[in-house]
Amino acid sequence: MKNLWSTFKNASWLGWQMESNWAQPWLFFLYAVVRPIAGSLLLVVMYMVITGGTTGALFAYIYVGSALFMFVAQVLFGAAWVIHEDREHYQTLKYLYISPANFYAYIMGRSMGKIVLTAFSVVITMLFGVFALGLEMPLAAMNWPLIIVGMVLGLACITAFGLALAGISFLTARHAISMNESVAGIFYLFCGAIFPISALPVWSWGFAKAIPVSYWLYIMRMAIFGADSDVVALDTSMSGYDVQTGLLILVASTLVLIVVSVGIFKIGDYIARKKGLIDMTTAY
Amino acid sequence: MTTTASSYTRPSWVKMNFQAIIGRSLPRVIGAYREPSWIFMETIMPILAIAAYVYIYKAMEAPPQYIGYVIIGGAMTAYWMNVLWSMAAQFYWEKEMGNLELYMMAPISRMSILGGMALGGMFNTSVRAVTTVVVGMFIFNIAFKLDDPLMFGLIFGLTLFALYGMGMMFASLYLLWGREAINLSNLMTDPIYLVSGFYFPVKYLGVLIGAAASIIPITLGLDAMRQLLFPGFGDGFLPVWVEMATLVVLCFVFFVLAKYMLDYMEMLGRRDGRLTMRWQ
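Going down the list, the protein sequences come from chains A and B.
Residues are numbered in the working numbering as their position in the first sequence, beginning at 1, plus a constant of 13.
Residues are numbered in the working numbering as their position in the second sequence, beginning at 1, plus a constant of 422.
There's no promise every hint is true.
Claimed, not checked - Computed beta-carbon distance windows for the label pairs:
hint: 1; chain 1: B; residue 1: MET527; chain 2: A; residue 2: VAL162; range: 56 to 66 Å
hint: 2; chain 1: A; residue 1: VAL47; chain 2: B; residue 2: TYR682; range: 27 to 37 Å
hint: 3; chain 1: A; residue 1: VAL162; chain 2: B; residue 2: LEU568; range: 50 to 60 Å
hint: 4; chain 1: B; residue 1: MET699; chain 2: A; residue 2: LEU27; range: 19 to 29 Å
hint: 5; chain 1: B; residue 1: VAL556; chain 2: A; residue 2: PHE41; range: 39 to 49 Å
Simulated from the structure, these hints should not be mistaken for lab results.
Even glycine gets a Cβ: it sits at the ideal position worked out from N, Cα and C.
Start from the sequences and build out the full structure, keeping to the hints where you can.
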């Protein structure tokens, strides 16, 4: 247990240093603010062009979903990229194998840098939405315990996905960066991140509901806007799920996902060692 | 028969640079296709993210031409990403891999190396872009009305020429940078998608932002291509001929600037000994 914590702590520190120490603090702050706000503004402008400037439930749905989705994109990308970065760029992956560090704890720790940075970006984006764009998010009406539980479960679920991708990354070339983006793209399209799942063709609803991230975003919207709000009611495909049911599904699917992702990671690790891919470099 | 020192004839400068262009472009084409998963990941999967933007418009019950705007914009994102990561940031990667000093030693222009990267990158990226457009048209039932294919081809060609010229110019900056290169490229994704109107007509951002964003060739190229593919909707920022003329100017400006900046940055790099610094 002490080894796990030590690995996690030091990997977190390393991850944070790698995320933040490339620039002066003011430049790093700018970087952490500009990109996420621009990403959200992109959707805002699309919305404004069509609606002519009126904000409503759909606007809130899109804005909050896009802000929360930053966690999915960043953590998925971060966890899987650790393998490529350490194997090919810094060429340190083989040294991890001969150290007493726990590999899972190391990847979780390295992902923490991304999570902290993303959390900062999400908060900034939300504040920008409230103060600059008139997004209605009354703090007093929010279900804070549900937000905390939802965030913990959501991050566990996303990190498990990241771990599975990291396992696959053992076997792929450097351009597997597109694999991470593709998985994020699937979630972006099917999980109700920036539009209600009910806007998708009916045949795809079953697939959308099989992805735990869909329930995470649904629960977070219920926690922020209220279970009976217009924002939550927009997605008619999820109307049969109350808070308890949504949470139950999210907990169960996250547990299953953790087991599956550890399995995928172990298989990837075993094949990579068997085929001698641990110090592979695939630059071209 | 072996070539002796006395019988060796040095190839002409033009021939060497031509060989450098071909030599640097081939690994991009051949290397990528050695990994079959690339074809699936790079051609089919990006459509998912584009489809998400399509469904936002569908959820808002937007006019159908907006779905076409997203598909064309989504296809052009592939070129922007290629320029950012495989042109501009490439010298950073080459430095990390230890290839940069080999390029510096070779008796060829750095522009030829970058030209080769551009050529190979354009080929790969065009596969992705064409797939995006064709699959997008098929899935979302979008019909384009192309009355002037010659003008469309000219605008598209000029856009790519100017864009890759801009990539060469950026490459000179990235030549000296360390990890800032990665973060700068990241920073130039979403903000550029926003100001260049990748997913909506740029005219809705207003004249000032539109004019400022026109320094990025895709802004005007995309706007002109949309006007040619979806005529009659009045969503254009400037007349097509004005956008074409501006692209011609941008082509010239970026290539000249790229040449001067590459030479200058190389001089700085040599002087400060930063051309071989790794893992910074």
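Given the hint of 19 to 29 Å, check if MET699 (chain B) and LEU27 (chain A) actually sit that far apart at their C-beta atoms. 20 Å, holds
Is 39 to 49 Å right for how far apart the beta carbons of VAL556 (chain B) and PHE41 (chain A) are? Between VAL556 (chain B) and PHE41 (chain A), where Cβ atoms are some 41 Å apart, the hint holds.
For the pair VAL162 (chain A) and LEU568 (chain B), does the Cβ-Cβ distance stay inside 50 to 60 Å? Holds - the Cβ-Cβ distance for VAL162 (chain A) and LEU568 (chain B), about 53 Å, lies within 50 to 60 Å.
Range hint compliance [Cβ, MET527 (chain B) to VAL162 (chain A), 56 to 66 Å]: 60 Å, holds
Do VAL47 (chain A) and TYR682 (chain B) keep their Cβ atoms within the hinted range of 27 to 37 Å? Given a distance of about 29 Å, which is inside 27 to 37 Å, the answer is holds.
The structure is consistent with each of the numbered hints, conforming to all of them.
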